[in-house]
Amino acid sequence: MTKRSLQSRATPWISAIVLFLLWEGIVRLFHIPDYVLPTPSASLEAAWKFRSAIWMHAAQTLYTTLFGFAIAVVFGVFLGALVGSSRAIYNAANPLLVGFNSVPKVALVPVLVMWFGIGTVPAVITAFIISFFPIVVNVATGLATLEPELRDVLRSLGATRTDILVKVGFPRALPYFFASLKVAITLAFVGSVISETVASNVGVGYLMLSASSKFNMPLVFAGLLVIAAMGIIMYEFFNIVERRSTRWANRANPTG
Amino acid sequence: MSSSFVELNNVTLRYSEGDDLALDTTDMKIRKGEFIAVVGPSGCGKSSLLKLVSGLMPPSNGTVIVDAKEVAGPLKIVGMAFQNPTLLPWRTTLDNVLLPLEIVKPHRNRLRKHKQEYIERARDLLATVGLAGHENKYPWELSGGMQQRASLCRALIHEPDLLMLDEPFGALDAFTREELWDILQNLWLKRPFTVILVTHDLREAAYLADTVYVMSKRPGKILVARDNTLPRPRDQETTFTQPFTDLVHELRSHIRDVRAA
Numbered sequence: 001m002t003k004r005s006l007q008s009r010a011t012p013w014i015s016a017i018v019l020f021l022l023w024e025g026i027v028r029l030f031h032i033p034d035y036v037l038p039t040p041s042a043s044l045e046a047a048w049k050f051r052s053a054i055w056m057h058a059a060q061t062l063y064t065t066l067f068g069f070a071i072a073v074v075f076g077v078f079l080g081a082l083v084g085s086s087r088a089i090y091n092a093a094n095p096l097l098v099g100f101n102s103v104p105k106v107a108l109v110p111v112l113v114m115w116f117g118i119g120t121v122p123a124v125i126t127a128f129i130i131s132f133f134p135i136v137v138n139v140a141t142g143l144a145t146l147e148p149e150l151r152d153v154l155r156s157l158g159a160t161r162t163d164i165l166v167k168v169g170f171p172r173a174l175p176y177f178f179a180s181l182k183v184a185i186t187l188a189f190v191g192s193v194i195s196e197t198v199a200s201n202v203g204v205g206y207l208m209l210s211a212s213s214k215f216n217m218p219l220v221f222a223g224l225l226v227i228a229a230m231g232i233i234m235y236e237f238f239n240i241v242e243r244r245s246t247r248w249a250n251r252a253n254p255t256g
Numbered sequence: 001m002s003s004s005f006v007e008l009n010n011v012t013l014r015y016s017e018g019d020d021l022a023l024d025t026t027d028m029k030i031r032k033g034e035f036i037a038v039v040g041p042s043g044c045g046k047s048s049l050l051k052l053v054s055g056l057m058p059p060s061n062g063t064v065i066v067d068a069k070e071v072a073g074p075l076k077i078v079g080m081a082f083q084n085p086t087l088l089p090w091r092t093t094l095d096n097v098l099l100p101l102e103i104v105k106p107h108r109n110r111l112r113k114h115k116q117e118y119i120e121r122a123r124d125l126l127a128t129v130g131l132a133g134h135e136n137k138y139p140w141e142l143s144g145g146m147q148q149r150a151s152l153c154r155a156l157i158h159e160p161d162l163l164m165l166d167e168p169f170g171a172l173d174a175f176t177r178e179e180l181w182d183i184l185q186n187l188w189l190k191r192p193f194t195v196i197l198v199t200h201d202l203r204e205a206a207y208l209a210d211t212v213y214v215m216s217k218r219p220g221k222i223l224v225a226r227d228n229t230l231p232r233p234r235d236q237e238t239t240f241t242q243p244f245t246d247l248v249h250e251l252r253s254h255i256r257d258v259r260a261a
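Protein chains in written order, with our numbering: chain A, 1 to 256; chain B, 1 to 261.
There's no promise every hint is true.
Taking beta-carbon pairs under 10 angstroms as the criterion, some of the chain B residues facing chain A (in silico) [to be verified]:
{"#": "1", "residue": "G79"}
{"#": "2", "residue": "Q83"}
{"#": "3", "residue": "L111"}
{"#": "4", "residue": "E135"}
{"#": "5", "residue": "L142"}
{"#": "6", "residue": "M146"}
{"#": "7", "residue": "H158"}
{"#": "8", "residue": "P160"}
{"#": "9", "residue": "G170"}
{"#": "10", "residue": "F175"}
{"#": "11", "residue": "R259"}
Simulated from the structure, these hints should not be mistaken for laboratory data.
Where is the CB? At the ideal position from N, CA and C, for every residue including glycine.
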């Protein structure tokens, strides 16, 4: 490994450690009480102390998040392909999509609870509806921004719409698609945790809510750290998948 | 005249109802295997002419006939190359050249079984334009001139009867451009296909074409059809001969008149 790549691998860890040290220092320096802002060390201590409970709740959150995210990917690609390949569908669907995306998803959770009861189902659905939008937009953009010259080349060879979509549209939309996955997975966490906080008795969101009602702030922050960690891991995972599968689009990327 | 391969009869074009004419009453007759060039001021509808002939755009009036059939939709036998090489960045040069074979019948049905034969064909073609050894490179690893050569190969791999070139060498430096003139001329001499070359480079038109058409300002109209009987193959020396410079001069004066009008 070269010196430079070692350095670029180390920097995110260093910045995280610096942030934690600052946080720890400020809380200690100003004697901020535990129930307002716990130190990171207290949060980590709480995380260790309640590890089996956190493990169970985190597994539930991860499960609902990934489930909702998976539905979002399937649905998002389908809708994105539809919207991106036809001007008419784009015009028809766009205002509806934007309107739907503007509705705060937390407002939908009570509705989902009325329909499906509390627990896993509304969490999965919230994760889904909050995360499909960027996928739709990106897939549609990737398909719709095909160079007109290229379209002409293909059409004058007798290519059908499907040919153009398969040979050029989808490969071309792939980097857009992967970029949207990174955004969507973090949004999916937001969705599932919101829903667990409002309407569930399992999951990290529920864990944090019940901990805060007992003024156990270190445990609340432990929950936050767990969510952040899961978000980072999933984001990095899709980042790596993106770089592997669309090397041609990232060749000039200094971080790639 | 029944011997013409491409025929435009009283063709006009406006992009949409109520728009100004993009192309005014145009008549053209192009023989099979003829190399024609269309020159004119920018925005005169040269590119629209290509779209009309290839059937990507229907004429507002008149008829376009290719190979004795009226053009009603996109032709399926045309090779095209533009100023922008439009290679697919996720495909190697070889795979880019093979792309038309994945679409054009009957090749698309034969491709899988006869893959090796088609790969050989693509390699041969790439070799004739000087791209041997670059087959497995990606487009961004090629220079602009090399990309344009690959783009020419892609336009020719399925041996189309009609080749449409829309300022294909416009973005290249002068030396590369003249090199590509020779490459194109050689390909055409080997297997004469019908070429419509749109360009604003008068020397390019004089070097390559059998007939040079001069178009007016918008709405575009063909003002002059000038035969070019300079002997082939033309080479660097040709461009310094009197008949060549006379021809370029003559074309230039037409363009001057057009722009002043």
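Original post:
Among the hints numbered above, which are violated by the structure, and what are their numbers in rising order?
Top reply: Numbers 3, 4, 5, 6, 9, 10 and 11 - these are the hints that the structure violates, sorted from lowest upward.
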